[in-house]
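Visitor: For this one, chain A is given, so just place chain B on it according to the hints.
Listed here are the chains, written in short residue letters.
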Amino acid sequence: MLELLAEPMRYEFMRVALATSITVAVTCSILSSFVVLRGWALLGDAISHSVLPGIAIALALDIPYVVGALIAGVGSSALIGLVESRARIRNDTAIGVVMTGAFATGLILLSWMRPTVDVFHVLFGNPIGVSLNDMLLSAGIGGLVVIAVGMLLKEIVAYTFDPIFSKVIGIPTTLLHYLLMVLLSLAIVSALNTVGIVLVITLLVTPGATAQIISRNMAQMIGTSILVGVSSAIIGLYLSYYLSISSGGAIAGVATAIFFGVLVIKMLKRRLGLWESQVGHERAG
Amino acid sequence: MYSIELESASLRYDEVVALRDVTFRSEAGKMVALIGPNGAGKTSILKMLAGLVRPTSGQVRVLGKDPSKTRGLVAYTPQREEVYWDYPLTVRELVAMGNMKRRGLFRWLDSHDSRVETALKLVMLEDLASRKISELSGGQQQRAFLARAICQGGEVYLLDEPIAGLDAPSETVLLEILKSLRDQGKTIVMATHDISATLEIFDYVALIRNELIAFGPPKEVLTSENLANTYGGSTIALHLDDLEKVAGWK
Numbered sequence: 001m002l003e004l005l006a007e008p009m010r011y012e013f014m015r016v017a018l019a020t021s022i023t024v025a026v027t028c029s030i031l032s033s034f035v036v037l038r039g040w041a042l043l044g045d046a047i048s049h050s051v052l053p054g055i056a057i058a059l060a061l062d063i064p065y066v067v068g069a070l071i072a073g074v075g076s077s078a079l080i081g082l083v084e085s086r087a088r089i090r091n092d093t094a095i096g097v098v099m100t101g102a103f104a105t106g107l108i109l110l111s112w113m114r115p116t117v118d119v120f121h122v123l124f125g126n127p128i129g130v131s132l133n134d135m136l137l138s139a140g141i142g143g144l145v146v147i148a149v150g151m152l153l154k155e156i157v158a159y160t161f162d163p164i165f166s167k168v169i170g171i172p173t174t175l176l177h178y179l180l181m182v183l184l185s186l187a188i189v190s191a192l193n194t195v196g197i198v199l200v201i202t203l204l205v206t207p208g209a210t211a212q213i214i215s216r217n218m219a220q221m222i223g224t225s226i227l228v229g230v231s232s233a234i235i236g237l238y239l240s241y242y243l244s245i246s247s248g249g250a251i252a253g254v255a256t257a258i259f260f261g262v263l264v265i266k267m268l269k270r271r272l273g274l275w276e277s278q279v280g281h282e283r284a285g
Numbered sequence: 001m002y003s004i005e006l007e008s009a010s011l012r013y014d015e016v017v018a019l020r021d022v023t024f025r026s027e028a029g030k031m032v033a034l035i036g037p038n039g040a041g042k043t044s045i046l047k048m049l050a051g052l053v054r055p056t057s058g059q060v061r062v063l064g065k066d067p068s069k070t071r072g073l074v075a076y077t078p079q080r081e082e083v084y085w086d087y088p089l090t091v092r093e094l095v096a097m098g099n100m101k102r103r104g105l106f107r108w109l110d111s112h113d114s115r116v117e118t119a120l121k122l123v124m125l126e127d128l129a130s131r132k133i134s135e136l137s138g139g140q141q142q143r144a145f146l147a148r149a150i151c152q153g154g155e156v157y158l159l160d161e162p163i164a165g166l167d168a169p170s171e172t173v174l175l176e177i178l179k180s181l182r183d184q185g186k187t188i189v190m191a192t193h194d195i196s197a198t199l200e201i202f203d204y205v206a207l208i209r210n211e212l213i214a215f216g217p218p219k220e221v222l223t224s225e226n227l228a229n230t231y232g233g234s235t236i237a238l239h240l241d242d243l244e245k246v247a248g249w250k
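In order, the protein sequences belong to chains A and B.
Quick note on the numbering used here: the first sequence kicks off at 1 and runs consecutively.
Quick note on the numbering used here: the second sequence kicks off at 1 and runs consecutively.
Extracted from the complex, chain A is given alone in its bound form (with noise of 0.2 Å):
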């Protein structure tokens, strides 16, 4: 057992690939429950998506396809916010229509100007393709995600629980709003290389769905959260190197898996909750 674990290791690429896994996964798990909570989860697809056409324009003007991606990440939220109250459409079309167009717009972009990054692997994420940069970058993004979290945890669980109680006891939610788009954008732009940008939403709504079932406060909720998170990166990785499929599929996959699995044993411990109170109470009887 210990040998299987090991013998991937022997490799760069697979350590460089399995530290930035893990950093991605807790990255997007801690704001996976906020995106949860919220009901964000169509918001979060639609900003990874509309990453696509920042990065295209990144590479055109050779800047940092980071920079492209922030602001095409926290524009695309802004623009759905704006359509949804000029056009006065509900969210989710709003959300629909912004997000086809940016990630159509992005396809146009890249097919026309040729780049030489591979766009399969920016949809569905290379790991094993990660350089030291992007280790960096993804490590740097994670500790900007957990501080900005930790400082401001009480002011985020009052905003996504209750707006508008929030801004009017004088919580600036405006601002807090467009910090955590920044925070999800920049989260995406991290998990690029690992699972990429179709996938990403599984590790912002997974791991936290699977949280909710179980977890009975927030502490417990994002712990478990980025448990989830953290085990299906390094469970996806091992499961994609010793059967040679997709970093990407095998991540998201064991997430869902996951999520599906303590579905099932909840499910499952109710039912037997609920047939020895029956024969409690026929003893009883």
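A portion of the hints provided could be inaccurate.
To be verified - BS3-like, lysine-lysine: derived pairs with alpha carbons at most 25 Å apart:
| hint | chain 1 | residue 1 | chain 2 | residue 2 |
| --- | --- | --- | --- | --- |
| 1 | B | Lys132 | A | Lys167 |
| 2 | B | Lys101 | B | Lys65 |
| 3 | B | Lys69 | A | Lys167 |
| 4 | A | Lys266 | B | Lys132 |
No lab work stands behind these hints: they were computed from the structure.
Guide: Frame of chain A, contents of chain B only:
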């Protein structure tokens, strides 16, 4: 000095007129009920008083100031459906949110705090303080909301439909707590559909249907004519029946 004042306040959202030329005021230590059908503008009045929206024209003043300058003095409780009750918070953590501004950064909500405990006691939730908020009944959730407002320690309480969907005992408990707050000199402004609940308890009733139909003590304002103007002719019979039953009035 009046504790709340609306002076020809109007509010438009794009082409839609939510409120037209509304004027009323109340002193401190009073309970004011905002009554009217859905979409009549009750929530809009509360939001103007909370400083969440500005009147398109006219003036709104709370404690003699512009509502944007009364942060901390005004407690706002949205409708119960506005928040996600499956959020993993305990009752104590929810109530402690009211105390957030007094506590600095870096400090988590759930440390025992005398303000929080006092508020929990006042709404009779001290035994359920460690429960998850999703495990509370509707009435208990509403009381937890109220405890958060009490913990905040405001002078003006703005409550959006706090008794909607509550059973009679829960409603009585909630209204008793509000009465005791009034007796301490707090101003309570509450949006509601329930006319019968307001008759004996409230000092003022504002009948609203995108404009002010009438304002004053309940027994003067709740006339069949005013109610017909507020709710439209067809539903009026039912409401008058209610009134007679509950208050033995008219």
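Visitor: Within a Cα-Cα threshold of 25 Å, do B:Lys132 and A:Lys167 meet the stated pairing?
Guide: Satisfied, since the Cα-Cα distance of roughly 24 Å is no more than 25 Å.
Visitor: A:Lys266 and B:Lys132 were given as a pair; does the straight-line alpha-carbon distance stay at or below 25 Å?
Guide: Answer holds: A:Lys266 to B:Lys132 is near 17 Å, not above 25 Å.
Visitor: Take the C-alpha atoms of B:Lys69 and A:Lys167, compute the straight-line distance between them, and say whether it is at most 25 Å.
Guide: 13 Å, holds
Visitor: Does the structure keep B:Lys101 and B:Lys65 at a Cα separation of 25 Å or less?
Guide: Roughly 20 Å separates the two Cα atoms, so the pair holds.
Every hint, counting from the list given before, is met by this structure.
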